[in-house]
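From first to last, the protein sequence lines are chains X and F. In this text, residue positions in the first sequence follow the working numbering: the first is 19, and each later residue adds one. In this text, residue positions in the second sequence follow the working numbering: the first is 19, and each later residue adds one.
Everything labelled a hint here was simulated from the structure, so no lab data went into it. These numbers were taken from a predicted model, which means no experiment stands behind them. Incorrect hints may appear among the rest.
If chains are identical, the list can't say which one is meant, so a pair holds when it fits in one copy or spans any two.
[Unchecked claim] Derived pair list, reagent style SDA-like, types lysine to any residue, alpha-carbon separation capped at 25 Å:
#1 137 - 191
#2 216 - 255
#3 28 - 126
#4 28 - 99
#5 137 - 150
#6 137 - 101
#7 54 - 140
#8 137 - 126
#9 54 - 189
#10 137 - 106
#11 238 - 121
#12 238 - 85
#13 137 - 104
#14 238 - 83
#15 54 - 191
#16 137 - 63
#17 238 - 82
#18 137 - 102
#19 137 - 107
#20 216 - 83
There are 2 protein chains.
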Amino acid sequence: MGTRFIDKLKSFGVLEEADIAALVSATSRGRLIGTKVDLIREGDRPGPVFVMLEGWAFRYKILPNGARQIMAFLMPGDCCDLHVGLLAEMDHSIQTITQAEVATIEREQMDALMDMHPKIARAMYISQLVDEGTMRAWITSMGRRTSIERAAHLICELYVRAHNIGLTSSPELSLPLSQLLLADALGMTPVHLNRVLKELKLQGAMTLQRGTLVVINPEKLISIAGFDENYLHRRLRAN
Amino acid sequence: MGTRFIDKLKSFGVLEEADIAALVSATSRGRLIGTKVDLIREGDRPGPVFVMLEGWAFRYKILPNGARQIMAFLMPGDCCDLHVGLLAEMDHSIQTITQAEVATIEREQMDALMDMHPKIARAMYISQLVDEGTMRAWITSMGRRTSIERAAHLICELYVRAHNIGLTSSPELSLPLSQLLLADALGMTPVHLNRVLKELKLQGAMTLQRGTLVVINPEKLISIAGFDENYLHRRLRAN
DNA sequence: CGCTGGATTGACTCGGATCAAGTCGAGTGG
DNA sequence: CCACTCGACTTGATCCGAGTCAATCCAGCG
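The task is simple: from the sequences and hints, build the whole structure.
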């Protein structure tokens with residue numbers, strides 16, 4: 019049952035009974051959505067906030083020449099921009115990767131939730147800051163890392179995020195991402211990504227086969243990537 | 019006098035007298051800061067929110083290998099993340115490019131401002147959404163545009179943003195960005211950026227010399243870039 | 001006047017794209 | 001149970017965009 023969103027928020031700050039009850043009631047009824055369906059498309063008028071209860075999705079844009087760039091992966095517990103409802107139109111699209119269960123929270127409901135539950139608001143703001151930090155990390159990767167470093171970095175990120183929400187506690191992780199998706203996220207061709215993955219396996223860092231990732235040598239993977247998880251902001255602020 | 023921040027917020031929604039008065043008092047005393055000084059560094063504990071009243075700055079990260087990646091340019095009127103104060107440490111640094119005048123708003127003051135002035139809060143949220151959209155556009159550029167397209171796209175963005183805040187109303191714009199800075203923002207080497215700028219001039223799209231940009235043929239520049247300004251969200255939502 | 005930091009140019013190299021064949025595995029239907 | 005198909009993954013050969021290295025060039029300025 020989709021309690022991942024609440025668990026994630028709890029990891030950003032203590033929530034009271036009442037907060038949790040409010041969250042439960044706001045996210046209890048999730049819609050079931052199929053594979054590869056757009057939750058919302060670039061140009062659409064934004065509606066409610068989406069919360070991924072189960073399943074994976076990604077944010078993307080299509081360029082005039084048809085190329086696709088993925089800007090973020092959403093996993094269970096992730097939610098989309100808090101205040102999108104203020105915008106006249108979406109500047110990107112969001113599509114499911116797997117079957118998914120997604121809750122929607124209307125703007126008024128969201129506002130009420132945050133007004134009446136400052137601890138929820140706080141946790142949501144931190145979550146948003148993490149998403150922003152993640153985008154900055156992606157820009158850095160795309161601009162200044164080689165393809166193998168970039169791939170290793172993304173794998174590190176996905177593994178750590180998945181680990182943080184309890185998707186895995188072993189070196190193994192079920193990653194429902196095709197090489198095409200990964201390539202479109204990393205700004206390279208599927209052909210080249212394939213070779214990069216081969217190289218990562220050859221170096222004994224990790225393997226990715228038929229949807230399951232195995233981190234064989236974490237230190238190696240981290241050092242190839244130059245990965246520093248500071249941008250995921252797990253350390254909490256004291257005051 | 020630094021009214022650019024307020025002007026920018028006004029462009030995101032009507033503000034009342036009282037809102038404006040509150041903003042004026044919050045941002046009236048700006049500190050003067052020299053060239054190339056870090057406002058805050060990666061790893062620092064975040065303090066108040068920075069508001070650029072005058073001058074330019076940029077967000078950046080330094081990789082283990084010493085490479086620098088710039089993730090955003092801040093121009094007059096821009097402000098840094100609303101809720102950074104919630105984080106334990108910064109995941110990137112911010113440095114001035116020119117002499118700058120920057121106001122600082124303490125967290126409590128910020129919270130009070132947003133609580134008591136919903137219209138300010140709303141405008142700030144939209145502003146934040148624009149910043150996020152901009153990061154997504156940068157990721158897209160880095161991943162899927164060639165170097166000349168990417169450079170043209172950045173120039174389009176900077177010109178439009180500057181135009182929006184009234185920094186220029188002619189094809190000319192004073193851009194205090196060295197080729198090194200641009201290269202570090204675009205994820206390429208200064209040498210290659212130089213050649214790209216030469217090519218853009220050759221094609222009659224624009225010139226950039228000694229700190230002044232001249233957009234010679236806007237249509238051409240836009241078409242090279244595949245630029246769509248939707249992500250800057252100037253169209254306001256009706257309700 | 002000579003220094004200095006950015007900008008410019010040339011020659012060469014190399015990482016990743018492109019193009020073109022395969023191969024593999026999970027269904028599907030005969 | 002096996003042939004057929006379809007999508008995803010692999011591999012090889014070749015090409016080109018961008019990086020690297022190394023000289024200048026030039027404007028501003030102490």
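Verification of the supplied hints:
no. : hint      : verdict
1   : 137 - 191 : neither (31 Å within a copy, 45 Å between copies)
2   : 216 - 255 : neither (40 Å within a copy, 48 Å between copies)
3   : 28 - 126  : both (23 Å within a copy, 23 Å between copies)
4   : 28 - 99   : both (18 Å within a copy, 22 Å between copies)
5   : 137 - 150 : both (20 Å within a copy, 23 Å between copies)
6   : 137 - 101 : both (17 Å within a copy, 14 Å between copies)
7   : 54 - 140  : neither (32 Å within a copy, 33 Å between copies)
8   : 137 - 126 : both (18 Å within a copy, 16 Å between copies)
9   : 54 - 189  : neither (28 Å within a copy, 44 Å between copies)
10  : 137 - 106 : between (29 Å within a copy, 17 Å between copies)
11  : 238 - 121 : neither (38 Å within a copy, 44 Å between copies)
12  : 238 - 85  : between (32 Å within a copy, 21 Å between copies)
13  : 137 - 104 : both (22 Å within a copy, 12 Å between copies)
14  : 238 - 83  : between (37 Å within a copy, 16 Å between copies)
15  : 54 - 191  : within (21 Å within a copy, 44 Å between copies)
16  : 137 - 63  : between (29 Å within a copy, 21 Å between copies)
17  : 238 - 82  : between (39 Å within a copy, 15 Å between copies)
18  : 137 - 102 : both (21 Å within a copy, 16 Å between copies)
19  : 137 - 107 : between (29 Å within a copy, 20 Å between copies)
20  : 216 - 83  : between (29 Å within a copy, 24 Å between copies)
This entry does not satisfy hints 1, 2, 7, 9 and 11, going by the numbered hints stated previously.
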